[in-house]
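*Asks:* Okay, here's what each chain looks like letter by letter:
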Amino acid sequence: MAFEGLTDRLQDIFRKLRGKGKITEEDVKVAMREVRLALLEADVNFKVVKDFINRVKDRAVGQEVLQSLTPGQQIIKIVYDEMTELMGGKESKLNLGSKTPSVIMAVGLQGAGKTTTVAKLAKTLVKQGRRPLLVACDVYRPAAIKQLQVLGEQIGVPVFSMGQNNPVDIARASLHHAKSNNRDIVILDTAGRLHINEELMEELKNIKEAVNPDEILLVVDAMTGQDAVNVAEAFNNDLGLTGVILTKLDGDTRGGAALSVKAVTGCPIKYVGMGEKLDALEVFHPDRMASRILGMGDILTLVEKA
Amino acid sequence: SKTRANIGDKIVNLVKTNKKLDDDFYEELEEILIQADVGVETSLELVENIRKSARKNKITDSEKVMDLIKEETARILGVYDTSLRVETDEKPAVILVVGVNGAGKTTSIAKLAYRFKQENKKVLLAAGDTFRAAAIDQLQIWADRVGVELIKHQEGADPGAVVFDAINAAKARKADILIIDTAGRLQNKTNLMKEISKVRNIIEREIPSAPHEVLLVIDATTGQNAVSQAKIFKEATGVTGIILTKLDGTAKGGIVLSIAKELNIPVKLVGIGEGMEDLRTFDPVLFAEALLEAGEENE
Ligand SMILES: Nc1nc2c(ncn2[C@@H]2O[C@H](COP(=O)(O)OP(=O)(O)OP(=O)(O)O)[C@@H](O)[C@H]2O)c(=O)[nH]1
Ligand SMILES: Nc1nc2c(ncn2[C@@H]2O[C@H](COP(=O)(O)OP(=O)(O)OP(=O)(O)O)[C@@H](O)[C@H]2O)c(=O)[nH]1
Ligand SMILES: [Mg+2]
Ligand SMILES: [Mg+2]
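Respectively, the protein sequence lines represent chains A and B. Going left to right, the first sequence walks through residues 1 to 306 as the numbering used here numbers them. Going left to right, the second sequence walks through residues 1 to 299 as the numbering used here numbers them.
Treat the hints with caution; some may be incorrect.
Taking beta-carbon pairs under 7 Å as the criterion, some of the chain B residues facing chain A (in silico) [claimed, not checked]:
1. Gln-35
2. Trp-142
3. Asp-144
4. Ala-169
5. Ala-172
6. Leu-186
7. Asn-188
8. Asn-191
9. Leu-192
10. Thr-222
11. Gly-223
Straight-line alpha carbon distances no greater than 30 Å define the calculated DSBU-like cross-link-like pairs of lysine-lysine that follow [as the list claims (entries may be wrong)]:
12. B:Lys-174 <-> A:Lys-29
13. B:Lys-174 <-> A:Lys-50
14. B:Lys-174 <-> B:Lys-268
15. A:Lys-50 <-> B:Lys-189
16. B:Lys-64 <-> A:Lys-47
17. A:Lys-47 <-> B:Lys-52
18. B:Lys-234 <-> A:Lys-127
Calculated directly from the structure, the hints in this document are not laboratory data. Think of the CB as a built atom: it goes at the ideal place given N, C-alpha and C, for glycine as much as any other residue.
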């Protein structure tokens, strides 16, 4: 596959560009063709790639080549910096507000990893000395409630459920339950749904209205392809997302969806799922994600050495 | 479903905005394919073939070229058989279902069981996912809904042992078809891929002609990683076909074109919803039409 290709291809280009004083439009064009291909192969959305390339082109053309860098490496540095910046620059924390209980709501497509992720989040928060309550708002998927209960049990966090009741009522009731049971964060697991399912998107809006969440987190499978932008845009338009969690990053996907989702929603990616186990949740690092998407670990060390 | 309603209109749309078969037309076509997750390489190749074919057949009208596009796409996908090998001499026919986490394996198994039951076949399910929280309960609920029997062990049990028991139960009960659920696993997890190979070996040891089908479930929203999924699952389990799920969303599942081209694995079924009736036999022409539907969102 073409995956491992970018490093080699760019190094080829470096060689040809070596020893010039200024980066010309032609240099940039040649390098950008490869970058574009790499991004598309990493599943960054087509339109996001287009915008991104244009931005980088503008920044790169006419730049003086730093003495220590070849033009090719400098272009890569610009691409890398720009991409890191686009994904938020640095780490982003949860904003849990000041009211008690705080409310976190996880939303997303079917099978993205919501239920697993809310349990992981609960575990993380417990470690930080908080007292979360998990809430089973998925009343549709067979055994969804049971799944959350099993996970809650594993991490010693209580799970609030009301059977197949209306999810809006469940969410509302969970706040009272949290207050009277001294839980300071409520984390809602919602059913997976398609962003084009109007009825179910309406349900999420109603839950939001009922419990006024501090965080509405879109859970996105890192293997998602071009459609990530449509999904993220729709969830964001309907709900006003506050953040994103990227799951299944322990796989061998490039994870270009990260760039797509950030680009269309403007929401920071806060965490990444790195496995099925409940301690496999990590803070998102934009710089690491940038080099992963570009597949350029060794190029980075090259740039750093220069 | 909703998204399939006006395919015809949408194809015409691309043609309308680009009447002439010029570079712009082909460029737009390429963009549409890439945005349907077909992948750059396959998209370029496909467009090149169409361009050649249009030239050879002296087609200058973009409306006629749409037929070519559909033909070419369907050709890549359609040379294979979508039928399932379940009419075996020796009972039961065994279907092993594999795939990455959350792709839709368990739900697809419920759909398959429902379909076979409609055909008056005796179906047995095996709860081979002993790992994920409440995976067994999930399959049990489906088994009850469909009205088929489930062979299960406790959570945490050895999946191989479940499969062994299920095969013997299926033989004893003279079931026509045994469908085996497995835990989701990412293809780069070597130990988990070894585990699934082992499951396959156990099936083979018990019934030498089995598994008769090994179905890889792929989520249509998946991007280029699906090729790696297909490749590695094929090596580990001898995949015979793909179930492409969640086609009721806006994702096009174009990656199966690359999979068909590179690995010769046919798509056999598609999932178009969360209900047990939401399973269809794969239709390459319909699929090709839906791929091009993306044209409208482009405007
Ligand atoms: N490898 C890996 N698997 C994950 C990760 N997060 C979730 N999973 C797995 O993905 C599958 C789906 O996870 P769920 O938490 O059930 O997903 P969901 O979004 O709640 O699914 P629905 O409720 O059906 O929409 C399960 O097999 C999880 O174990 C991750 O970060 N890495
Ligand atoms: N919209 C839609 N949802 C689907 C389809 N197939 C499955 N799903 C949903 O996707 C989610 C995951 O499905 P499962 O069948 O649990 O997936 P799985 O591959 O068994 O997951 P793991 O066992 O955790 O790896 C559930 O919410 C299903 O209802 C489909 O064709 N369309
Ligand atoms: Mg769930
Ligand atoms: Mg399953």
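*Asks:* It remains to establish, for every hint, whether it holds in the given structure.
*Replies:* To see whether the hints hold, each was checked on the structure:
no.	hint	in the structure
1	Gln-35	holds, 5 Å
2	Trp-142	holds, 6 Å
3	Asp-144	violated, 9 Å
4	Ala-169	violated, 22 Å
5	Ala-172	violated, 27 Å
6	Leu-186	holds, 4 Å
7	Asn-188	holds, 4 Å
8	Asn-191	violated, 13 Å
9	Leu-192	violated, 10 Å
10	Thr-222	holds, 5 Å
11	Gly-223	holds, 3 Å
12	B:Lys-174 <-> A:Lys-29	violated, 66 Å
13	B:Lys-174 <-> A:Lys-50	violated, 59 Å
14	B:Lys-174 <-> B:Lys-268	holds, 26 Å
15	A:Lys-50 <-> B:Lys-189	violated, 34 Å
16	B:Lys-64 <-> A:Lys-47	holds, 28 Å
17	A:Lys-47 <-> B:Lys-52	holds, 27 Å
18	B:Lys-234 <-> A:Lys-127	violated, 41 Å
Of the numbered hints given earlier, the model fails hints 3, 4, 5, 8, 9, 12, 13, 15 and 18; all others are met.
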